[in-house]
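Trainee: Below are the chains, spelled out letter by letter.
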Amino acid sequence: MQNILFFLYRYGYVLLFVLLQIFCINLVVRFNPKQSDIFIKSSGAVSGWLLERYDSVVQFFNLSDVAENLASENARLRTQAMTFQEIYGPASTHTDSNATQQYTMVAARVINNSIANLDNYFTLNVGARDGIQKGLGVIQTDGVMGIITDVSNRYARGISLLNRDTKISVSIQRNHFFGTLSWPGGNPKRAKLSDIPKHADLVIGDLVVTSGFSALFPQGITVGKIINFELKEGSNFYDIDVELSNDLSQAHYVYVIKNLYAEEQLEIEDQRN
Amino acid sequence: MEGQIARISFRFILLLLIQGLILHRVNLGGEDFNYVQIFVYPFFIMLLPVQTGRILLILLAFLIGISVDIFYDSPGLHASASVFTAFIRPFVLSAVEPRGGYKINSVPTKNQFGFNWFVRYISILLILHLFWYFSLEVFQISRILIVILKTIASFIASILFIGLYVVIFNPKN
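If you read the sequences in order, they're chains A and B. In terms of our numbering, the first sequence has 237 at position 237, counting the first letter as 1, and numbering is strictly consecutive. In terms of our numbering, the second sequence has 97 at position 97, counting the first letter as 1, and numbering is strictly consecutive.
Any given hint could turn out to be false.
What the hints assert, rightly or not - Among the chain B residues that face chain A by a calculated CB cut under 8 Å, a handful are:
#1 50
#2 54
#3 140
Note that these hints are calculated values from the structure, not bench results. We put the beta carbon where it would ideally sit given N, CA and C, even for glycine.
With the rest of the complex left out, here is chain B (with noise of 0.2 Å):
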């Protein structure tokens, strides 16, 4: 338990820096196609244990939500986003939910529960954070294309990304 406590902290501050040092100072586009942006820290929200109470969730959804938010100086941004990806979260988990069920303690990886289910759920979270966060950003629904343009860039991208993260360190609970 304070094992599980103390790798979700580590978690916490990595993909913080990750996403605030590096990935801020990004542009995959450049200047002729500025949709592409990588977001790896709602990962951090995706790999919490699948039994964490919906509170809990929202509120560490919150926290580096708002962290990243002061990396980025977009106050409220990222926060709304990630308070939404942890709010649908538990209907997403129970809309994948593998045969049997989950597992007490069982924590959302691929080691647990394969590839495919993995990539799944992983997608699922991520383009609607994603689609939440552009709606946010762009603040125009008459512009919802370029919403739209700029989740499925960013998506891909941020999924490649996830991938990488994934080789390297391997979370496994």
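Isolated chain A, as found in the complex (with noise of 0.2 Å):
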């Protein structure tokens, strides 16, 4: 005890220093935006590297699963394309430059994912390298995954739907109608719905789909249906209840959406701002 008194005497000082420059880093490093947003670009580096090793050992448990969803995908888009070729014959072989493509996708894996925090995050293992930017939206094979917000060289960090920062425009599938689908937090598996004028009719078990109205997102992706609704006296909008078509718990593979026309839709579209 008499030793441990005097070692802090004698050498006090230097666990103080340690520690006021714990407390002073960290402030630097959470309040100034700055080295903020290098100190996240840094770490994400390193515990991007770290989690997808991790993530490359535990992903073998659940091949299977993850085999069976791109194989049942593989059919439907099959499907999707034989009907197509029904409706307008063989690959057509002239070129209409009108319709050029507006969408591409990028193939990602999910190597760090969360659903039980009050605002979730999730990690992909690209990056920069392979074109992706800061505000691309990411979808999984039945629904929305979320929104890119920071992206290093390899990996990207972003905003799941179960954050309470992340607000997607979508609309009713049956009657157009749109919205905003945001998260209140709570059950993974469950949204709300806002914005949806009182004079829309609506029905249990209305599709919900994006609406393609922001430049994240192609119209018609499923999001979820409505399983509850109420009108509150005196509001002009529904309270709407979702649920997810997706399950953000299961997302091992996701595509992240590049939209070739988001800039010149948000330049015009600031233009008036």
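Given two chains presented individually in distinct reference frames, assemble the corresponding complex, making use of the accompanying hints.
Mentor: This is the structure we're talking about:
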């Protein structure tokens, strides 16, 4: 005991120095935008590498599920392609300069994901060198995953749909009323749909899809279906509960959507503001 | 003793106000050479009596650093550099120790130890302080050259300003 006290008396200043430095650098990284940006980027590069190693081990255990999902998606796409061929005939040979491609997708693996927090984030194993940028949308086979917010060279981090900052423009497939989808926290399968006016006629089970208004997601990606709605007295908008069609806890392979026209759209939308 | 505490408190406030209100707005390099900042508040740490306990030294340095941060709106940056400077001050003091050692109650000033000693002592601490500060400010190892450039440019400006301060106020103890 005496030795400990003596040690503290003798070298307490080193301890104090270290503690205060930790405190200060914590302040620096937390409250200075430039440093916090660099910190997130470089720590993302380190933790991304670790997470990828970890994930490459863990993913062996659910390979069969993943393969099954991919196979069923393949089957669906093949059916779709065949249907189109039946309608329009075999692949056309002329090029229509009007019908250029608007969206491209980049396949990515989820190497980190959470669903239990109040604000959830995910990390993908693609980054700037794969052409990923800030603000791109991410979808799963059967629904919306989230939005990319930080990009390092090899990794990208994003806010999941299960995050209070995520707002997605969606519409009801049957009658095209549009609103905003957000997540209130809690159940990872439930989201809230707001801004649907009270004159809309709603049916439980109505399909909710992306509206395509924002530059993030193409139109018509299934998000979920309405399971409950109510009109509060005096309100002009419905309170709607949506059950998400995808399971964010089962996200392994996802697609990052690049909108080739995004810049043009944002440019013309910004002109007024 | 009480006179000393009053003097130190006065110096604390004076240096803080000079740094926070005046030097904060001075941009010597202009747009093109944005590397020069004048730091005078580390002089407060340097001028504390030689016998000041290390813990007290670190705490006082933290206090002035975090106060400067309030003016600069850069939480933690100046505080971290100040704490570092206070931490290494005893080592620097023993490195530049004059023959015969320090007397009790001596204060590291020009009058007590002579001009050469004073310049050497101030320069070592100031350059380390600036280097630590700009490393944190730039925060990227790959831009170490900018850190060094900023350190050197700011060192020249700061040491001149501290010289001016010494000429005007002539701190004795």
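Trainee: For every hint, state whether the structure bears it out.
Mentor: Here's how the hints hold up against the structure:
1. Interface restraint check for residue 50 of chain B: the shortest CB-CB distance to chain A comes to about 15 Å, outside 8 Å, so the restraint is violated.
2. A least Cβ separation of about 4 Å between residue 54 of chain B and chain A falls short of the 8 Å threshold, and the interface hint therefore holds.
3. Here the hint on residue 140 of chain B is kept, as its CB sits about 6 Å from the closest CB of chain A, short of 8 Å.
The structure fails hint 1 only (numbered hints given earlier).
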